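> Heads up: the sequence lines are chains X and A, in that order.
Numbering-wise, this note's numbering puts 150 at position 150 of the first sequence, and it's gapless, one number per residue.
To convert a position in the second sequence, counted from 1, into this note's numbering, add 264.
Honestly, the hints are just simulated from the structure, not real lab data.
Just so it is clear, the structure is predicted and the values come from calculations on it, not from any experiment.
We treat Cβ as the ideally placed atom computed from N, Cα and C, and that holds for glycine.
Take these hints with a grain of salt, some might be off.
Label pairs and their computed distance ranges (CB to CB) [what the hints assert, rightly or not]:
| id | chain 1 | residue 1 | chain 2 | residue 2 | range |
| --- | --- | --- | --- | --- | --- |
| 1 | A | W464 | X | S259 | 29 to 37 Å |
| 2 | X | M213 | A | W327 | 35 to 43 Å |
| 3 | A | W327 | X | R95 | 16 to 24 Å |
| 4 | X | A226 | A | V348 | 26 to 34 Å |
| 5 | X | Q55 | A | D323 | 50 to 58 Å |
| 6 | X | A9 | A | F404 | 22 to 30 Å |
| 7 | X | V245 | A | A443 | 18 to 26 Å |
| 8 | X | L47 | A | S451 | 54 to 62 Å |
| 9 | X | G44 | A | A533 | 48 to 56 Å |
Far from chain A, by Cβ distances over 12 Å, these chain X residues were calculated [what the hints assert, rightly or not]:
| id | residue |
| --- | --- |
| 10 | L6 |
| 11 | M21 |
| 12 | S42 |
| 13 | W54 |
| 14 | V69 |
| 15 | R128 |
| 16 | S129 |
| 17 | S178 |
Selected chain X positions facing chain A (in silico; Cβ < 7 Å) [said to hold, decoys possible]:
| id | residue |
| --- | --- |
| 18 | S4 |
| 19 | C18 |
| 20 | P104 |
| 21 | M107 |
| 22 | P108 |
| 23 | G109 |
| 24 | A111 |
| 25 | L114 |
| 26 | V135 |
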Amino acid sequence: MKRSTLFFAQLVFTLLVCAFMLVPVLLSLLAGLTRNYFVGVSGGLTLDWLVQVWQAYSPTVWLSLQLAVSCAVCVCVIGVPAAYALVRMNNRFSRAFEELMVLPVAMPGLASALALLLTYGQFGELRRSWLFILVGHVLFTLPFLVRPVMAVMQRQQLPTLEEAAASLGAGPIKRFFSVVVPNCRAGILAGVLMVVTLSLGEFNLTWMLHTPMTKTLPVGLADSYASARLEVASAYTLIFLLMIVPLLIALQAISARLSRGERR
Amino acid sequence: MTTVRFNALSVSSRRDILHRLRPTAAWALAPAAAVLLAFWLLPLAQLVVLGGQHRDGGDSGYWQVLNSAQYLGSLAQTCVLAAVVTGAALLVGGISGVFLARQQFFGRSALVALLTFPLAFPGVVVGFLVILLAGRQGLFAALGMELAGERWVFAYSLMGLFLGYLYFSIPRVILTVMAACESLDRSLEEAARSLGAGHWRVVCDVIVPGLAPALVSCGAICFATSMGAFGTAFTLGTRLNVTPVAIYNVFTNYANFTVAAALSVILGAVTWAVLLLARRLAGQSGTVL
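Bound-form chain X, shown alone (with noise of 0.2 Å):
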């Protein structure tokens, strides 16, 4: 087949855009590995910064999956009731409700934070627990799994579904638990997917919610861009990217899936 011009242009001009993306994380990978950055990769390998961050790090990493998962349970327990109901209602009172739950995302993250910390910093029980950051990243991560679970509830027959469970005399809690829920099992999964990811990369809130002694990931990375050599910086981003790309990976392979279900 042959191609125009315009098509190498503009294949060239994409491949520039994608180098402008990798070039840097390229980078930061390298100099998390080099010995010494200024030196350059003739000075050798090594993963003594790995090391090192993890040592000095490590509580951080785990305290950002604490909170990824429980963030992600929280979500679940309150975001899939709520998807269903905007779905089953659909009138001027849910569409206003959806709009409202999209405002945390919105809206600065830095407003946010402020508005909960001068309400609610004054308890210094919940400000200084890992429970007041819960609190912003679940607000903020909510409508990225609702978003998700509607889409699939207005895909499937859930009415009919629904229906044919009622008139066999199912209770609308069973309805729920034995008809929505496992009905939309591929939503659920690529929301929690995107909500575990988010609650690990999640900076503008956690930044002003965080104490010294809730440090989350995102939290740690800035202390040690601010403070650190380049190339323990740099190990702690690769530490961070092998947690949050494979979560990456599977969220395009499940949001695919997804997309293909739509066209069939």
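Fit chain A to the given chain X structure using the hints.
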């Protein structure tokens, strides 16, 4: 008993069933509503009220912000920067997105996957990547040394901020444009071509208007993210005069809660206004997020 209910259901119309199920549905919304009310609406109301308070017998927070050239300047700078980033991201992402959606070639899906990864990178990491690219020991510094004998360092300025915002805006635009291209009617383009329209005419008169709703809503999201992006600016240096950094400085360095609250409310209001305007322009078709 079951048969009786079944008969009753089969007689009643579908609409009645939906009505019957509705109260249960509203109950399912309660947990989410409670969380949003307690941890979002209430704090937001508190923030709005706090911004209007008078501190030490002085003016209210809003009045102080609106009277200060420094705060207004930072707001203007943030808006202009966000607008420029949005324009650039739409242009770059639009070209690449249409190309990736329309052409089939070897390695296309890999390219799409690579281009969309950075969507989930937090602002701090993006800031660090900009430093690696254009910082004191960055790639451009080395390149400038090689070519011109001087280090090209622009990471710690507005230019660095622009690069960082562009970095996390492009993947979003590419994804949106690719999705919007799927629903575009290709026969319109072929009709335009067969009527003798050149390539640019087709792009300007068929493709861009077709993509316009998606571009407007995606542009609004890019604008909103750039307005509130704190992590990138924080990594690149707190001397940058953009509003999120100004809020942070006012809050932590001067503990001036009223002005910090007022600035946050104004920043949030501007962002929200732009999102609403985009919604009005694009209609309901565009998705937020």
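> Check the structure against each numbered hint from earlier and tell me which ones fail, lowest number first.
Going through the list in order, the structure violates hints 3, 10, 11, 18 and respects the others.
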